[in-house]
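J.: Spelled out, the chains give:
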Amino acid sequence: MTVAVRAAPGSSASLWQARRRSLKTIARYAAAVAITVIFLFPVFWIFMMAFKTPDEIFSRPPVWLPADFNLDTFKALVRDGDLGAIWTSLITAGVSTIFAMFFGTIAAYSLARFKTGGRNLAIGILSQRMIPPIVIVFPVFLAYVFLGWIDTFHGLIILYTAFNLPYVIWMMRGYIEDIPIELEHSALVDGWSRWQVLLRVVFPMARAGLFATTVFTFIFAWNDYIFALVLTRTEVVTFPVQVTSWFGQQFVFWARIGAMSMMGTLPIFFAVIVFQRYMVRGISLGAVKG
Amino acid sequence: MSVPRATAAVSEQWVGGPFGDSRFKYFLIAPALFIMLSIALFPLINLLVVSFQGISIIAENKSFHGILNYQRLAGDSRMWKSLLHTVGLLLVALPIELIFGMAMALLFVDKMRGRQIFVALLVLPMVIAPIVAGATWRLMFDNQFGPINQIIGWFAGRDVTIVWLADSSFVWPAILATEVWHSTPFMFIILLAGLAGVDRSQIESAQIDGASAARIFFKIILPAIRPVLAVAILIRALDLFRIFDIIWALTRGGPGTVTETISTFTFVKAFEQFDTSFAAAVAITVVLILTAVTIYALRRIEIAR
Amino acid sequence: MAHIRISSLHKYYDSVHAVRGIDLDIRDGEFTVLVGPSGCGKSTMLRAIAGLENIDSGTIEIDDEVVNNLAPGDRDVAMVFQNYALYPYMNVFDNIAFGLRARKFPAREITARVQAAAETLDIVELLKRLPRQLSGGQRQRVAIGRAIVRDARLFLFDEPLSNLDAQLREGMRVEIKQLHQRLGKTMIYVTHDQIEAMTLADRIVLLKDGSIEQEGAPLDLFERPVSRFVAGFLGSPSMNFLPAKLVENGTYLGLRFADDVTLALPAAASQRLASRVGQDVTFGVRTEHITPARDGELDDGFVDLLVTIDLTQPTGSRTYASFKLAGVAVQAELRAHDVEQPGEQIKLQIDMNRAIVIDPSTELVI
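Residue numbers (my numbering), protein chains in the order written: chain A, 1 to 290; chain B, 291 to 595; chain C, 596 to 961.
These are computed hints drawn from the structure, not numbers from a lab. Beta carbons: idealized from backbone N, C-alpha and C, even for Gly. A couple of the hints might just be wrong.
[Said to hold, decoys possible] According to the in silico footprint, chain A covers these stretches of chain C (three or more CB under 8 Å from chain A): (1) 728-737; (2) 766-774.
[As the list claims (entries may be wrong)] Pairs of lysine-lysine residues, derived as BS3-like cross-links and limited to a Cα-Cα distance of at most 27 Å, are as follows: (3) C:K919 x C:K942; (4) A:K289 x B:K509; (5) B:K509 x B:K401; (6) A:K115 x A:K289; (7) C:K699 x C:K723; (8) B:K371 x A:K24; (9) C:K772 x C:K803; (10) C:K840 x C:K919; (11) C:K840 x C:K699; (12) B:K401 x A:K289; (13) A:K24 x B:K401.
[Claimed, not checked] From the structure, some residues in chain C lie toward chain A, with a derived Cβ separation under 10 Å: (14) M674; (15) V675; (16) F676; (17) A680; (18) Y684; (19) R741; (20) L751; (21) D753.
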């Protein structure tokens, strides 16, 4: 083993070390910036479509920045009523998230505190989450045709609720298990009922987890494509379905695709940045606390 | 899924039956179970029934066909190819995402000014709707108006006109690029959290002992983040196995059936060719494979405490 | 105020028999401490009394009423938890008022009672703060405030001081004792700390493996332990134990150790143990009963011994010194300057009247 001799300040060795360290820092920043640019470039590209004129979109070589940020595309979307897709997504994702959060959280409480059904039930619930959407949507489609629920809000909302319940149950189970049980015991000794304990102790204590899980549950429903594609036609059109509707046989409406993608994506970006602290736990199914 | 009754014995650890808790706990879980069972389990049973029938676009034949559909499936080369494509994509994309994600996590694990901003920006691709991600890269790969050919052209010094999404030798790299772009941030942020949890004193004491960086990585860091790694790989593998949106937006399985995966194949059979019973048999097969793998994996790794 | 009767209480966790048929009467206004090592069932018992734990058989009566099937909130008990169980999203006032609100007290009375409790505990100026803005000791006071504000008939404490540092713990111990004297309520207190048990209790219930090992007044247990476990659990430093053989020694009996040293037993003990001559026994003596020998004649029942000190541990007022007796390390309690250096020889006396003799096969004091 060698013993490092620390050189006196100002000596050539320490200057060399300092330079090496600053070179390393510069290299790190260069790498960080390069990676960030590469990862955000596609986002930039699709968002820019919304502001480009048709000539700029269909030009060779491609134009990177629109000459002026014209809002014609957005105006056209408003005029043609295409913004309704955002509204539809908001309703279906929003309502299903509320349902999934409520029923999922109380079920999670049952699993966390009473060990209802033991380990098998908890794992069974989680494994439902792992079934490919296509496998779920196919039999549901057959059932919905029979029920007359195709192309209805409630049909889509119920499916989103069911699909997100395992996630909510699993996540909230973890967050509830993190609450010291003495808080609930104390409230019970004080004379509060079971429901009151849920309302006054468990929900406030799990507040951060509730918000974070709500955000991720909403994003799953908001970003869904395949369920909406199969189960809706013309009455209920969510934003991802609307986006793909502009891939025509002869012509692709890139400007509209860009504008709609931007409107469907920016709110999610915002929510994720706000809830970044809970991100790792949310996407790793609670396995990594982050 | 098991019926709760079977394991009720361990349930009364907290406060027991006399206060109506045994009813309370079932009452809490009942609505969620009802919704999940009616939307997942009962239709799945129906699917099983249909898979033994002979329903298709030409015949509404509900008589029992035995394992006819499954025999057809076993001999259907298109189905096997789509399964092969799915597994192949999984086996190629997963290591790439893992390596890229790890490299990025190592880059950002030490403190640096503005790190949080970089991390916040880098996770964004992951939350973009997969269908939008697919649309975006379809535009990027456009042979005439897309920037990819343009950028390659700069390096090649001549006009490049690769028809990425219609050329069977370029279409898989295009799908791979899209998928890696969309999901590397997932690996990145989970591995970053894993690295942050590694005991620094272990690394420092190894450095004092003069261990090389590579040795520290393989002997200390990697074993320490193994549980995190296992979770990340499991979740991503399951996602990759059901890949649909990105492929649908980019190629719809084309050109021909070159990029068909098990999900797009099932979709085409069920909703474009209305070969209902056959598609049901495919779906059942997929569920059986996945359930076995998933439950085994979940029991093995840390998710299921 | 309340008296409690527990009869043949059993509790299982899966296959673990956590409480094994406990019978216990607690009188009105008594301060009872349940003490024992971890896993002895003391917390389980407390939680069973509170109604937080289902019991498998037996009855729990409070004021002659069987409460087995009563919900925790209907038992009129108050409880202080080890981790204080304060609600982090409520300020101190709301934390203390939480139990009153559950019982639908009118707002004016809530204010008055919280104020009174806060004055008792000297935390009036903290009422607007959140728990995270409080020190450990302050949190502890709030937790106690939450219990006393309800004026429940029975107070339960589950290791309330174990999260505090040593100095704070001593202060709070005094306050809890004062609180008991002022309120006169029946209190049951769980701890694993024998000093806490000794200082607080009117009565100690010493538990081991889910059964009561011994119960009684603190000094009773300390001076007349029924078993090696009780003798070793109470007292600090712990009692010395040495294997020995019971032999005839002139008029009386004696204890012979491995290296043929024999210590004479006093008359009373000799009479009691006469039938056991020749048996292997364990000899137990507390450190404070091994002291420097005085000059002149030994008192009745005392024996003396010349030893070489191996190790000294000065604590200031006194010095604990170790020496070897028959190859076993034994601690004696000396005055500060009795021994200056290890290796010194000193003549010690052992008060055999206070020593105990244990049957090693049953671990009981004989």
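J.: Evaluate each hint against the coordinates.
T.: Now for the hints, and whether the structure bears them out:
1. Counting residues of the stretch 728-737 of chain C whose CB falls under 8 Å from any CB of chain A gives 0; the rule of at least 3 is not met.
2. Check on the stretch 766-774 of chain C: 0 of its residues sit with their Cβ under 8 Å from a Cβ of chain A, so the three-residue criterion for coverage is violated.
3. At roughly 13 Å between alpha-carbon atoms, C:K919 and C:K942 fall within 27 Å of each other, so this suggested pair holds.
4. Between A:K289 and B:K509 the CA atoms are separated by roughly 23 Å; this keeps the pair inside 27 Å, and the hint holds.
5. The suggested pairing of B:K509 with B:K401 holds, with an alpha-carbon distance near 23 Å, which does not exceed 27 Å.
6. Taking the CA atoms of A:K115 and A:K289, the gap is near 22 Å; set against the 27 Å cutoff, the hint holds.
7. Simply put, C:K699 and C:K723 have alpha-carbon atoms about 22 Å apart, close enough for the 27 Å limit, and the pair holds.
8. Annotation: proposed proximity of B:K371 to A:K24 is violated, straight-line Cα distance about 48 Å (limit 27 Å).
9. Proposed proximity of C:K772 and C:K803 is supported: the alpha carbons are some 25 Å apart, at most 27 Å.
10. A distance of roughly 18 Å separates the Cα atoms of C:K840 and C:K919; the hinted pair therefore holds under the 27 Å criterion.
11. Taking the CA atoms of C:K840 and C:K699, the gap is near 68 Å; set against the 27 Å cutoff, the hint is violated.
12. With a C-alpha separation of about 20 Å, the suggested pairing of B:K401 with A:K289 holds against the 27 Å cut-off.
13. As the CA atoms of A:K24 and B:K401 are separated by approximately 13 Å, the hinted pair is consistent with the 27 Å bound.
14. Look at C:M674: its Cβ gets to within about 5 Å of chain A, closer than 10 Å, so that hint holds up.
15. Using the Cβ-Cβ criterion of 10 Å, the hint placing C:V675 at the interface with chain A is satisfied: the shortest such distance is roughly 9 Å.
16. Given hint, C:F676 at the interface with chain A, holds; its Cβ is 4 Å from that chain's nearest Cβ, closer than 10 Å.
17. With its C-beta approaching chain A no nearer than about 4 Å, C:A680 sits inside the 10 Å limit, and its interface hint holds.
18. For C:Y684, the shortest C-beta to C-beta distance to chain A is roughly 5 Å, which falls under 10 Å, so the interface hint holds.
19. Hint status for C:R741: holds, given a least beta-carbon distance of 8 Å to chain A, under 10 Å.
20. The beta carbon of C:L751 comes within 8 Å of a beta carbon in chain A, closer than 10 Å, and the hint placing it at the interface holds.
21. A hinted interface residue such as C:D753 counts as satisfied when its beta carbon comes closer than 10 Å to some beta carbon of chain A; here the least separation is about 8 Å, so the hint holds.
Against the hints set out earlier in the document, violations occur for numbers 1, 2, 8, 11.
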